[in-house]
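**Q** If you want the building blocks of each chain, they are given just below.
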Amino acid sequence: MERTHTADGAGKVMPMREAVAAFVHDGATVGIEGFTHLIPTAAGHEIIRQGRRDLTVVRMTADIVVDQMIAAGCVSRLVSSFVGNSSAGSLGELRRRIERADPAPLAFEEYSHYGMVCRYLAGAQRLPFYPLRSYGGSDLPGVNGDLRKVTSPYPGPDGEPEQIYVVPPVNPDVTIVHAQRADRLGNTQIWGLTGVQAEAVYAADKAIVVVEEVVDEEVVRSDPNRTLIPAHAVDAVVVCPRGAHPSFAQGYYDRDNAFYRAWSHISADPERLREWLDEWVYGTADHAEYTAKLGEDFCAGLAVGEALSEPVNYGRRL
Amino acid sequence: MERTHTADGAGKVMPMREAVAAFVHDGATVGIEGFTHLIPTAAGHEIIRQGRRDLTVVRMTADIVVDQMIAAGCVSRLVSSFVGNSSAGSLGELRRRIERADPAPLAFEEYSHYGMVCRYLAGAQRLPFYPLRSYGGSDLPGVNGDLRKVTSPYPGPDGEPEQIYVVPPVNPDVTIVHAQRADRLGNTQIWGLTGVQAEAVYAADKAIVVVEEVVDEEVVRSDPNRTLIPAHAVDAVVVCPRGAHPSFAQGYYDRDNAFYRAWSHISADPERLREWLDEWVYGTADHAEYTAKLGEDFCAGLAVGEALSEPVNYGRRL
Amino acid sequence: MSAPTEGKETVNTLTVPGAVTSSELLAVVASRELASRRTVFAGIGLPTLATELARLTVAPQIEVVYESGVCGAHPSHLPETIADAVLISGAEAVLSMPALFGYVLQGGHIDVGFLGAAQVDRWGNLNTSVIGDWQRPAVRLPGSGGAVEVMANSREVFVVMRRHTPRSFTEVLDFCTTPGPDRALAEGIRPLGVGVTRVITELGILAREGVGEELRLIAVHPGVTVGQVREATGWDLKVADSVETVEPPTAAELRLLREDVDPGRVYLR
Amino acid sequence: MSAPTEGKETVNTLTVPGAVTSSELLAVVASRELASRRTVFAGIGLPTLATELARLTVAPQIEVVYESGVCGAHPSHLPETIADAVLISGAEAVLSMPALFGYVLQGGHIDVGFLGAAQVDRWGNLNTSVIGDWQRPAVRLPGSGGAVEVMANSREVFVVMRRHTPRSFTEVLDFCTTPGPDRALAEGIRPLGVGVTRVITELGILAREGVGEELRLIAVHPGVTVGQVREATGWDLKVADSVETVEPPTAAELRLLREDVDPGRVYLR
Chain A
1 MERTHTADGA GKVMPMREAV AAFVHDGATV GIEGFTHLIP TAAGHEIIRQ GRRDLTVVRM
61 TADIVVDQMI AAGCVSRLVS SFVGNSSAGS LGELRRRIER ADPAPLAFEE YSHYGMVCRY
121 LAGAQRLPFY PLRSYGGSDL PGVNGDLRKV TSPYPGPDGE PEQIYVVPPV NPDVTIVHAQ
181 RADRLGNTQI WGLTGVQAEA VYAADKAIVV VEEVVDEEVV RSDPNRTLIP AHAVDAVVVC
241 PRGAHPSFAQ GYYDRDNAFY RAWSHISADP ERLREWLDEW VYGTADHAEY TAKLGEDFCA
301 GLAVGEALSE PVNYGRRL
Chain B
1 MERTHTADGA GKVMPMREAV AAFVHDGATV GIEGFTHLIP TAAGHEIIRQ GRRDLTVVRM
61 TADIVVDQMI AAGCVSRLVS SFVGNSSAGS LGELRRRIER ADPAPLAFEE YSHYGMVCRY
121 LAGAQRLPFY PLRSYGGSDL PGVNGDLRKV TSPYPGPDGE PEQIYVVPPV NPDVTIVHAQ
181 RADRLGNTQI WGLTGVQAEA VYAADKAIVV VEEVVDEEVV RSDPNRTLIP AHAVDAVVVC
241 PRGAHPSFAQ GYYDRDNAFY RAWSHISADP ERLREWLDEW VYGTADHAEY TAKLGEDFCA
301 GLAVGEALSE PVNYGRRL
Chain C
1 MSAPTEGKET VNTLTVPGAV TSSELLAVVA SRELASRRTV FAGIGLPTLA TELARLTVAP
61 QIEVVYESGV CGAHPSHLPE TIADAVLISG AEAVLSMPAL FGYVLQGGHI DVGFLGAAQV
121 DRWGNLNTSV IGDWQRPAVR LPGSGGAVEV MANSREVFVV MRRHTPRSFT EVLDFCTTPG
181 PDRALAEGIR PLGVGVTRVI TELGILAREG VGEELRLIAV HPGVTVGQVR EATGWDLKVA
241 DSVETVEPPT AAELRLLRED VDPGRVYLR
Chain D
1 MSAPTEGKET VNTLTVPGAV TSSELLAVVA SRELASRRTV FAGIGLPTLA TELARLTVAP
61 QIEVVYESGV CGAHPSHLPE TIADAVLISG AEAVLSMPAL FGYVLQGGHI DVGFLGAAQV
121 DRWGNLNTSV IGDWQRPAVR LPGSGGAVEV MANSREVFVV MRRHTPRSFT EVLDFCTTPG
181 PDRALAEGIR PLGVGVTRVI TELGILAREG VGEELRLIAV HPGVTVGQVR EATGWDLKVA
241 DSVETVEPPT AAELRLLRED VDPGRVYLR
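Residue numbers (this note's numbering), protein chains in the order written: chain A, 1 to 318; chain B, 1 to 318; chain C, 1 to 269; chain D, 1 to 269.
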């Protein structure tokens, strides 16, 4: 995949507005990953503000931010393996679209979690397909023609030819992930749940990494194993503290469980959902305003204490 | 794969002698991994001391310790993608075996590096095969019948059916890796080059992890992302400082490049090789004696300085 | 975020003293079934309660693996999701999803997988996708999550269903999201395990030993009759030769559950 | 540990002032070819010298990816292997082998791969396995390492060969370990890149632009004749319409190489 390089090879740091304008186009396939942890909500909101249309969203757990993007009219197709509001209830807009085409239909490609993981694995590894031991006997292949079978060229345990399901690669035009930190070159470090972020980035033509903070290269380079996404795979680094709210960033802030529960009620009523978008997305210029609107006291309530990793020695030649 | 659990669920720490006796049997397929870094030399020497026979050794880079095991008569079959003494020269015993069946033939299955990686990936994921974009036009499939082809069920870029090579899984009876540290339960942390160790362990029925040190569970648990091999995949933890010599352990000791260069000369002469084994392997009761024989001054010459990773905050609920 | 096991809480007045909630009942019964098991793949909610209680009672050696990537969690607080930050801090290992699903789950390291469902049939096949037709469903449910993989790759699967009704225990699934091994084998695909071996409900326990077998009623909660269970089941439910009566939660089990496992009553509500 | 590029050092008295070793000559010529390239997959030895020199001269933006898993190394000392501890400390990223080979290399992120070989043919196919018959070889060589993957997945490949003899530049390889795209396509397998585009030797530079083309002589070192190169090549070597003379290493290039890149003369010897 061709990557963006700045003219001087120096930095890829840019504002969210610029990154979304540059890399998320109408009609694009957009990978958005982060499994409960580090969900790039702020990027989704900026896509809504910029009025993108006809996107195909690829996301394992299509949750609140996807429901919001659908409600804002950005999404015409969804590729996902879990379309629910975590364990806190339902996604109102998504259900109206799928159950009643209200106010418009939504094309939906249904997978299981590992099916999605394998699509990213195939995409990242430039493979024509990826095999997995799922789907035998499921009704999913009946509604998803991309779940196909291959016969292994090696005999199975019983000596007979063995069949296995495969999924096709997914190669998003752009993948967006949220991370704790990166350096200005794009070397990105994630800890806690790391999900499928590296694979989703490598599978994509372009990648936007939204981070809680940009740190000195020396910080990143003090622990190179923590860099899950190297600079060569990153096109834009966007600094956006609290950009994962209402999800969480391990070591930075906790999950806003109350908002998850609230969303089931907000999204159940199209009017109320519209008001929420007007107030919190269209009504804020950017995520800094959104965060200011949440308020310092509220954010303080999601603060976490300190639990530092023990340093390891990488060694130095004497 | 069934794993060993201690009766009280407590610890898996045991002496090298006991671990090799329990898990490495005559005729077994033994995965030995560590790509230049963290090569489990001490385990190989204990296999030699215990006189194992008819082993199939699976190892990407068949290097000094494999040459020694072959010379000691432990190995009847080798599965590998690089049979050389790093960039320091040749493996004398291996070459004599393959070039002249002297003093006995050695069955050899030749792969490329990624072919070996994919065999471990298939083994770890319980897949019947793993696809890779290698081998088209190579003579390797002509001498290795396990390199086969599959036709993708999705159309290729030109709309035509696309063919791709696949490799079969490898599932060693036991895999042996070396690591910087583990806790007594077997949670294993590796930094620096991490190679294919996790996959080789998950692909195996049993796993022996040799470590520079056993640390408190609190140390491991302060940084769970550093645990590349969780306890459930480990059957034995062997504490063996400097057990990777002449290779290196990042942050613990450096590579003994002089020994690599010397091995090309030692192994070129069967008599000299035999003397070396007599003196350094058969002549030492265990790796502690081997290390003592190297001497404190020598070990001091391989010492490394400090380059600590910056801690990250995993957070604590307030 | 495997298929959800949570529903609306109702005190099960039928079967146990009013002081015991159905959450408590189901958690206790499920925990007892975990004796001698090593690795459990658990969703959040009842499976969390059951595995934590089992660790304190019949299965001290148990390791819970969460779909989010966490192995060997040592949470400071009861987790509210399978990805709760408290599961990560102090855990023994946190794996990527390719490693968790590929090496741990598909690799065959899970003894028991916990699943829930909107519908289950007599073979233990599960529906978590839709009520009605998939193309234009009456209710769009969350879908598989990792349930397809948990079923295909765990040695056995426990299903916890709060509601035991003919609509949820159905002759024909509206959609088979997560097939048991019988359906897989019919298609020529060989799964690792035997599929669903226990379905634990508000009325009792259904069991199934392996491929080719239907679920059978093996136990009822005190006060529940075999006839009531058959009535609540949408197919002609087979019944074991001798149906046992589930021993009600002991005082010790309830105390552990309420005071140690979930003192904040996150799930016990 | 891709196929080795190292051989015995001999001062190339034919072509350059005695003060310039053939290592220096080859490193300088290879470094110039890296202008405008971004990502280089390099083995140790001459490729290390060439890429480090290129970073200081024609390609400051270059990123070297090592087969061992290192991306963006900032070594404190010149590395002695592709896995040298000094490549890891202070690196921007260290990846596992599945990620390095699967995502970075096969994923298509490498512009130029460096390879060496015991034998090369007119299409840029390489042998690093055996001299003689594979089953009972006269010489068992190390084998592929990652060379098969570097060839199949890099946009282009540079080969550095110290010795330019009819035995190493051969009409028919004893064994084709690492096929170029022509051989792959003949089997119906579509590689990512165009295969070998440059072969840099002690006598000059052979080039090949893409699929279907043979290597052609495009440049000779000062004092080397076209006839000498054709004589040293085991097939009827094509020659470009105008063969250039390689500009000898400049004083600046030599100074950088000797004082900054390899002051300990690890590879320059």
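FYI, nobody ran anything at the bench for these hints, they're computed from the structure.
Quick reminder that beta carbons are idealized off the backbone N, C-alpha and C, glycines included.
Check the hints yourself; a few may be wrong.
[As the list claims (entries may be wrong)] Covered stretches of chain D (in silico footprint by chain A; criterion: 3 or more residues with CB under 8 Å from a CB of chain A, positions within the stretch not fixed): (1) 87–99; (2) 107–119; (3) 225–231.
**Q** Taking the earlier hints as the rules, which of them does this structure contradict?
**A** 3
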